[in-house]
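First to last, the protein sequences are chains A and B. Under our numbering, think of the first position of the first sequence as 130, with each following residue one higher. Under our numbering, think of the first position of the second sequence as 130, with each following residue one higher.
The hints are simulated quantities; they were obtained by calculation from the structure and are not laboratory data. Each statement offered as a hint is correct.
If chains are identical, the list can't say which one is meant, so a pair holds when it fits in one copy or spans any two.
The list that follows gives simulated cross-link-like pairs (lysine-lysine, BS3-like), each with its CA atoms no further than 30 angstroms apart:
#1 Lys237 - Lys335
#2 Lys535 - Lys407
#3 Lys548 - Lys225
#4 Lys215 - Lys150
#5 Lys335 - Lys194
#6 Lys402 - Lys391
#7 Lys202 - Lys174
#8 Lys237 - Lys225
#9 Lys440 - Lys477
#10 Lys440 - Lys425
#11 Lys225 - Lys556
#12 Lys295 - Lys215
#13 Lys473 - Lys222
#14 Lys535 - Lys477
#15 Lys225 - Lys215
#16 Lys202 - Lys295
#17 Lys440 - Lys546
#18 Lys402 - Lys473
#19 Lys535 - Lys433
#20 Lys225 - Lys473
#21 Lys237 - Lys556
#22 Lys150 - Lys225
#23 Lys197 - Lys287
#24 Lys477 - Lys552
#25 Lys202 - Lys287
#26 Lys546 - Lys402
#27 Lys535 - Lys440
#28 Lys237 - Lys215
#29 Lys215 - Lys548
#30 Lys317 - Lys335
Protein chains: 2
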Amino acid sequence: MTIADIASQAKSASILLAAVKTDVKNNALAEIAKALKANSEEIIKANLSDLEEAEKNNLAAPLLKRLKFDQAKINDVCQGIQSLIKLDDPVGKTIKATELTNGLELYKVSCPIGVIGVIFESRPDALVQISTLCLKSGNAAMLKGGSEAEKTNSILAKIIARATEKTAIPSGWIQLMHTRQDVSAMLKLDSSIDLIIPRGSNEFVKYIMDNTNIAVLGHADGICHVYIDDSADINMAVNIATDSKCQYVAVCNAAETLLVHKDIAQAFLPRLKDSLDKFNVELLGCEKTTKIIDIKPADDNDWKTEYLDYKLSIKIVDNIDEAIEHINTFGSGHTDTIVTSSTKNGEKFMNLVDAGDVFLNCSTRFSDGFRYGLGAEVGISTNKIHARGPVGLEGLLIYKYKLIGKGHTVTDFSNGKYKYTHKNIEKDFNL
Amino acid sequence: MTIADIASQAKSASILLAAVKTDVKNNALAEIAKALKANSEEIIKANLSDLEEAEKNNLAAPLLKRLKFDQAKINDVCQGIQSLIKLDDPVGKTIKATELTNGLELYKVSCPIGVIGVIFESRPDALVQISTLCLKSGNAAMLKGGSEAEKTNSILAKIIARATEKTAIPSGWIQLMHTRQDVSAMLKLDSSIDLIIPRGSNEFVKYIMDNTNIAVLGHADGICHVYIDDSADINMAVNIATDSKCQYVAVCNAAETLLVHKDIAQAFLPRLKDSLDKFNVELLGCEKTTKIIDIKPADDNDWKTEYLDYKLSIKIVDNIDEAIEHINTFGSGHTDTIVTSSTKNGEKFMNLVDAGDVFLNCSTRFSDGFRYGLGAEVGISTNKIHARGPVGLEGLLIYKYKLIGKGHTVTDFSNGKYKYTHKNIEKDFNL
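Just chain A, same shape as in the assembly (with noise of 0.2 angstroms):
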């Protein structure tokens, strides 16, 4: 089969995956656990054979343990499942009802997206994640995880197409691909797929926006700032970067520049050398900021630059309007944090800087799903339509309008029989 067939097969499932009950999808999530369970031995067989492989290709241990999936993982993919089943449908939920005229109702509807692309990491847990929430929110999936992982993903995505074929999900809803030429070959077909979700390096996932014209849900680099203003609570400014830097180094929400304000700029960085020196962050900063304290120059790089890594560029700027001009310039959209005991200058940069999430006086790894209790995540966008910021099970979902006459034409309104009368109407779409 070509990479289009099991597209086509994959839009036939969506359409009437579509219309699947409640009851239906959560009963077939609780058979995937099920399954996964009692199918524990063999999975774990495949990752070993995986990980073998990896071993012998020296794969970096970070890597391993990523690809790692034991009895533990299962438990709490299976678990991950459960909570999925207790969240809320988010299919067929009345956005809006208007009644047009009388006997004439206009419903706007949720419904799914349709068919979803996923490109993933090494994580096998991903392929159990995303397969999941793709099914509870009605949407099927064509998922391709790392090449390391193929072993532990094929048979992970026939345990779970199995489990789901005992019930009356259409089959096909799920379908896995395997090379790279694969996943060139999906960017090609705009005509089954509906979204794109990349996850994996910025130049993975900038490549894929460059290639195709299906709509790519995610972000290419995460630059985030932390910008000091003069009137900043000194303690509170050197927790929240030491926190936005050395929390979690390696994630796209941790932050990579630190912009401070002139004015308070010889009181705060000392004290900031003295915490970052704390988790060995290297330092770089602009001219100014090396005549405070002792680190190494930046260079026009640093300001673009998704370190990802234990350090940190530094800049001093003259007010708040050139923080907020270097974060639009140089940031990504994604998350960016003003630490301030002023209220006005807290709306302005919230107003002002273009980014997904804008914070005040707090740390920049807020920005995940998890904690913003969004109930499951599907991914961090940085787009400006659709979906932006950590994006929940909503961003697998689009509406439908649906109209109810009872032999309603327009020409009934051009004649005058009937006039538009456009009330809201509190009820919720039912034939």
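Chain B: place on chain A using the hints.
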């Protein structure tokens, strides 16, 4: 100035415009209306010059009519601006508020998308409507109108820009492009332009969609279907089919194909023909149809053609499933309607037809922002993400997450000092 320079000006203006208060925007809108009225003479003179040129070039009569921009049209657009002033400001609405922990509050707040590129047809009214919709929603606008309206559009854009310069609206928020080359250049500016709304012929919209990485909101084809189920009331079916086809043929929500259940075809088709003959509709049918009514045969191309004319293709289907399958294969995801007295089939059709607008017992012609009561229409979208169907002002909006803390760090949570509460807050964002 290059198009990149213009886009960069628009981008800078958009950042400031996002924070402009409602009364400032409404005041600017009032200034625009005042200036249009005050400069009526100059506008009409420019338009007469465009009209003269167009007549020399033998522009078709309907196009000439659309191009005409006289005092009555000026009064109309000014009235439109007054309605827009009365509309609620869609920016700054708190969509959701959550307490993450005591003192750490998350607000999901609506905000403008940024810079919208709009390419529109020959009507100069469109320039005024689109730019004022952008202004009300806090977006900068890059506009390109039909070349035959170049003089009218230039003077309109100049008057609008001048009128807002006296207000607190950032200059540069409205930009006019002049050539096709400008449009091609704009398609590449994905770092400054956030959304493109193309209006015009199918080929043109498809060209835009295929040649940019910027998100595009719109529709190419409008291949709308009327399906007559076996249990349909025949009078109602004839009325709805006639209205869907004939009420106004040149628009995207007019029906192009009629599907009819085999068990009602014999009774329905002659009645339909009688009704459509009054409008001189050319009918093309599948083999079975031509055995019931004396019309020309349809070929496979007819099922995927948007006639935009007094022309309709007709196909007899075995059952509702074949109708749904046909629509999902040949339709454009725009608007499809079923005529039936079966609630079950109505529900099935509305769930399984993959279109932005799915109707029961009413005409496809209702698919329209004004008829839906949206207040203003930005366009009709067949996208599967962001906005679908007739799109009102909300299509020009996205949201930001604003998180307000008191020095909160993620370390506080990993240390166990704080716990996530994730409580909904019934409060609008306010610092």
